[in-house]
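Here the protein sequences line up with chains A and B, keeping their order. End of the first sequence sits at 628 in the numbering used here; the numbers just go up one at a time, nothing left out. End of the second sequence sits at 100 in the numbering used here; the numbers just go up one at a time, nothing left out.
Bear in mind the hints are in silico, worked out from the structure with no lab data behind them. Predicted model, so just to flag it, every value in this text is computed and none were measured. Please note that a few of the clues may not be correct.
[Unchecked claim] Heads up, incomplete: computed chain A residues facing chain B, CB under 7 Å, no partners named:
#1 G604
#2 V606
#3 Q607
#4 L611
#5 A612
[What the hints assert, rightly or not] Coverage of chain B stretches by chain A, computed from C-beta distances (three or more under 8 Å per stretch; other residues unrestricted):
#6 11–25
#7 89–96
[Stated by the list, open to error] Just the calculated beta-carbon pair ranges, DEER-fashion:
#8 B:L83 with A:S628: 41 to 49 Å
#9 B:L90 with A:V579: 51 to 59 Å
#10 A:S177 with B:M98: 39 to 47 Å
#11 A:C575 with B:L83: 51 to 59 Å
#12 B:L90 with A:G616: 23 to 31 Å
#13 A:S628 with B:R26: 32 to 40 Å
#14 A:A618 with B:R25: 27 to 35 Å
By construction, the Cβ of each residue, glycine as well, lies at the ideal position given by its N, Cα and C atoms.
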Amino acid sequence: MRFFVDNAWLIPVLPLLGAIAAGALGPIWLRGRSHWPVIAGVVLAFVASAGLLMGVRQLEPAQYEHSYHIYDWISTGEGSWLTVSFRIDPLTAIMLVTVTSVSSLVVIYSRSYMRHHGDRPERGYERFFAYMGLFVFSMCVLVLAGNFLLLYLGWEAVGLCSYLLIGFYYERPAARSAAMKAFVVNRIGDFGFGLGVLLIYLKLGSLDYTYVFAHIGELSGAAVTAIALLLFCGAIGKSAQIPLYVWLPDAMEGPSPVSALIHAATMVTAGVYMVARCGAIFATSEIALPVVASVGAVTALFAATIALAQYDMKRILAYSTISQLGYMFLALGAVAPAAAIFHLYTHAFFKALLFLGAGSVMHALAGVIDIRQFSGLRRRMPVTWITFVAGGLALAGFPLTAGFFSKDQIIHAAWQLHPIFGALGLFTALLTAIYTFRMIFRAFWGPETAPEGVAVHESSRWMTVPLIVLAVGAVFAGYWHFDKFLSPVVEVTGHASHGHDSSAHWIMLASAALAVVGIITAWILYRAWPQLARGIADRARTAYQLLHNKYYVDEVYDQVIVRPLHGLGRGMFGCDNYVIDGLLWIITAIPRAAGFLLREFQRGAVQGYALAMAIGVAAILIGWLVAS
Amino acid sequence: MTQPSCYMVVGAILFGLGLVGFLSRRNLIVMFLSTEVMFQGVLVNLVAFGRYHGNLDGQAFAMFLLVIAAVEAALALALIVVLFRRQATLDAEAWRSMRG
């Protein structure tokens, strides 16, 4: 098992090799078999991650600080300051196992999803798998990184893969602009993140985790707060919190496996991982953690309200992801990073499950995913239905599912931070149950309707088996409480993960009760008494419009930020054309004027030349006479 | 001896006439004619200097110059013939396009 710890480089490299094989050999030789190298690479990476987990369990906590140096990237005179070095400790191990397990299931699922009916691979099949392999590589690098620069590399690389995969169907204008939007909004966050990394280097002279976390206390409070908040900017962008969440719903233009892997289980959790990893920095600053908790709590509530009035299944799940990420940040801010990582881990399973289930529905319904256009799918798609319900129960926090345990820990910690955070968490949990089961009841229950000419059928085994595995995970993964395993790493945080004292049992009961109440409410509103839902929507017309149109945030951004920037761009373009080019025109006018004048000397008439010669001779003669 | 200045004036007048003619005519042959006149002016000057020095050096040089003038005439007329074949005119303006 030590082998896997010492050779941890295998974990990113294997999927990368698979990606290169799929990309290089795919278009001509592998074609419809391009999934094999990537599936092999990712599954082997999962095996290696499991081995690494076993190996880490055998390590002493003191060994966690050790940086596994792989090679020097750039070395300067006094030794290299850009190294590729890994940090291997329980947090890394848990993240890697989560990432690679979900990735394996998603790639296996994609083998069938990225095909037309009749098993013909879609156009760009090889490209898809190459990008997926590249993504798994990038995410593993991000998680394994032992210094901030490698972290930043992985961070940008996953953003790149996200762009490539969102815009996979690049012939669709919506996909193209969604990819651009994701990249640009991420870039804004990454700018803050980069400034934070730069500040760390300026103040401490090193980017290595061990060094930075040990010496962070030497800096002034303002510097530490600045660093923490700048790093958090990156997390806001990458993990879709307010105000940089707007890219995630649009990212649903990508194929469903992409949504499942990148925008539910892994990439968007990079921000959470980063804040957990940099716990030392955030804890040292006084106001950073409350900021994180507030942003997380507000985002969780905000996104949950929007999800109530959406009809596109994937968009409901996207807003749900934003909301659950808010929960994770709430936990981080409430000094309970173990709870946040636990929720990250359980959320990866049940959210990926839900997205893959939505993909299964889309695949069966020829691309339709608007829940107003179909219903009653449970008879024709039983496996999808059961697994989807399992995922929904986990998301809603139904007792004894994985989601229940992790959400409960978070609300616990939130309440201890301040009751208002706890109350927000509980209320959002209620909303979560409602919107989740609204979606489930509308899609899977009721009369069997479907869009024109679509024959609803269950998906192939390549797709249903991963769904079943994930469903098992969504229910049972919560039983692996890794608090004690994780605590040495996130120990700056302290108390909340062990906080199951008797007085707080009521929180567990409350969250369980709210989940059940939410499900029942959804049943009433959307199955038993649909007119009530419509009546509420009609009475609260403005509220409904506000929620359905996502609080008009995109429109506001467009007016306030995008249009002025476009105007600035046009202004700059005009400046470039008229001012700078005008200046150049003036400068070039001088030789032109000189030429215009001098041109007269060579007019083509030979007598002119003779006259010039004669005048020249005369001038010389006169000059000579005068001088002597 | 007679002062060469009288003869030099004649020579200068001939040269000047030739120069003016060259500068102001458009017909190629007439332009060439004017250069010949410039030659003659120089010749007169040379002979006058010969007379002044009392030897025949000036006249000998003048003979050389006559031969050169004749040769040059042949050359120039050959060129004019070629140019005429090009543009079918003897107007110097026809080659105006060769300008800077």
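Name the hints, by number, that the structure is in violation of.
5, 10, 14
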